[in-house]
Amino acid sequence: MSNPQDFPTLITPPSNYIVPTVIESEGRMERAYDIYSRLLKDRIIFLGSDVNDQVANVIIAQFLFLQMQDPKKDIHFYINSPGGSVTAGLAIYDTMQFVTCDVNTYCIGICASMGAVLLASGTKGKRFALPNSDIMIHQVSGGARGTASDVERTVDFMYKLKRRLNRILAHHCGKTPEVIERDADRDNYMSAEEAAAYGLVDKVLQSNKELPPLA
Numbered sequence: 002m003s004n005p006q007d008f009p010t011l012i013t014p015p016s017n018y019i020v021p022t023v024i025e026s027e028g029r030m031e032r033a034y035d036i037y038s039r040l041l042k043d044r045i046i047f048l049g050s051d052v053n054d055q056v057a058n059v060i061i062a063q064f065l066f067l068q069m070q071d072p073k074k075d076i077h078f079y080i081n082s083p084g085g086s087v088t089a090g091l092a093i094y095d096t097m098q099f100v101t102c103d104v105n106t107y108c109i110g111i112c113a114s115m116g117a118v119l120l121a122s123g124t125k126g127k128r129f130a131l132p133n134s135d136i137m138i139h140q141v142s143g144g145a146r147g148t149a150s151d152v153e154r155t156v157d158f159m160y161k162l163k164r165r166l167n168r169i170l171a172h173h174c175g176k177t178p179e180v181i182e183r184d185a186d187r188d189n190y191m192s193a194e195e196a197a198a199y200g201l202v203d204k205v206l207q208s209n210k211e212l213p214p215l216a
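Take the sequence shown: its position 43, counting from 1, is numbered 44 in our numbering, and each next residue is one higher.
Because the hints were derived from the structure by calculation, they are not lab data.
What you are looking at is a predicted structure, and each value in this text was computed from that prediction instead of being measured.
Glycine included, every Cβ here is placed at the ideal spot set by N, Cα and C.
Treat the hints loosely; a few may be bogus.
Claimed, not checked - Label-pair restraints from in silico Cβ distances:
#, residue 1, residue 2, range
1, S208, D157, 34 to 40 Å
2, F99, G28, 34 to 40 Å
3, R29, T88, 26 to 32 Å
4, P178, G147, 28 to 34 Å
Claimed, not checked - Cut-off 30 Å, straight-line C-alpha distance, at most; resulting in silico cross-link-like pairs (DSSO-like, lysine-lysine):
#, residue 1, residue 2
5, K176, K161
6, K161, K210
7, K176, K127
8, K74, K210
9, K125, K176
10, K125, K161
11, K42, K163
12, K74, K125
13, K42, K210
14, K42, K125
15, K42, K73
16, K127, K204
17, K210, K163
Starting from the given sequences, assemble the full structure and let the hints guide the process.
Listed below in structure tokens is the structure:
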């Protein structure tokens with residue numbers, strides 16, 4: 002059994018937030034884990050915040066750690082995120098596609114913007130949403146400042162990101178990039194059932210009895 006220090010903690014929580022500690026007995030020993038490390042023991046990764054570079058780096062580290070532990074066991078990725086940085090999210094996406102483990106994704110609460118992309122990019126047949134969760138897709142948004150040439154280049158980069166995300170969602174949802182571009186032109190909110198019909202997830206889980214077993 003791995004020691005708790007073997008598991009990278011998820012994120013540095015806000016200063017006013019106390020990370021729960023779990024105490025487990027191992028023979029005559031008691032061992033304390035922060036809740037994220039304890040989840041990681043069962044190959045569970047939890048994204049519960051905006052996506053930024055710091056969060057992405059730790060999520061990526063956890064994927065690589067679990068891949069190194071066992072390249073054949075499933076990873077369970079729970080997401081409750083309003084989205085965030087596209088480039089940071091794409092770093093997580095590429096890691097999910099890179100590891101050899103199947104990645105089960107679960108939407109709890111909301112998966113919006115980049116959060117929806119990560120949800121949809123789980124292993125086909127293993128993408129889930131809880132009944133009262135919501136999913137939202139939209140086009141890339143952002144701002145630019147500086148010289149006219151700098152603004153022009155930034156806008157060009159944003160259009161490239163938009164086309165890239167459209168291709169990614171099209172691939173995982175079984176649609177064409179043109180359909181994704183049309184449907185994501187404005188904030189497009191879907192219920193869990195609507196997201197399943199659209200192809201963002203494969204199934205709506207009504208209870209934990211329907212959960213796939215932990216690897």
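Here is what the structure says about each hint:
1. Between S208 and D157 the beta carbons are some 48 Å apart, a value that contradicts the proposed interval 34 to 40 Å.
2. Evaluation of the 34 to 40 Å hint for F99 and G28 yields a pass: the beta carbon distance comes to about 37 Å.
3. At roughly 48 Å, the beta-carbon separation of R29 and T88 lies outside the given 26 to 32 Å, and the hint is violated.
4. With their beta carbons about 30 Å apart, P178 and G147 fall inside the hinted range of 28 to 34 Å.
5. For the proposed pair K176 and K161, the alpha carbon gap of about 19 Å is at most 30 Å, so the pair holds.
6. Only pairs whose Cα atoms come within 30 Å are accepted, and K161 paired with K210 is rejected, the gap being roughly 42 Å.
7. Note on K176 and K127: the hinted pairing holds, with a Cα-Cα distance of about 18 Å set against a maximum of 30 Å.
8. Restraint check for K74 and K210: satisfied, since their Cα atoms lie roughly 20 Å apart, inside the 30 Å limit.
9. Between K125 and K176 the CA atoms are separated by roughly 14 Å; this keeps the pair inside 30 Å, and the hint holds.
10. Note on K125 and K161: the hinted pairing holds, with a Cα-Cα distance of about 26 Å set against a maximum of 30 Å.
11. Between the alpha carbons of K42 and K163 the distance comes to roughly 36 Å, so the proposed pair goes past 30 Å and is violated.
12. Restraint check for K74 and K125: the C-alpha separation of about 16 Å stays at or below 30 Å, so the hint holds.
13. A hinted pair counts as satisfied when its Cα atoms are at most 30 Å apart, and K42 with K210 qualifies at roughly 21 Å.
14. Restraint check: the Cα-Cα separation between K42 and K125 comes to about 24 Å, which is no more than 30 Å; the hinted pair holds.
15. Pair hint K42 plus K73 holds up; C-alpha atoms about 15 Å apart against a cutoff of 30 Å.
16. Restraint check: the Cα-Cα separation between K127 and K204 comes to about 8 Å, which is no more than 30 Å; the hinted pair holds.
17. Between K210 and K163 the CA atoms are separated by roughly 38 Å; this puts the pair beyond 30 Å, and the hint is violated.
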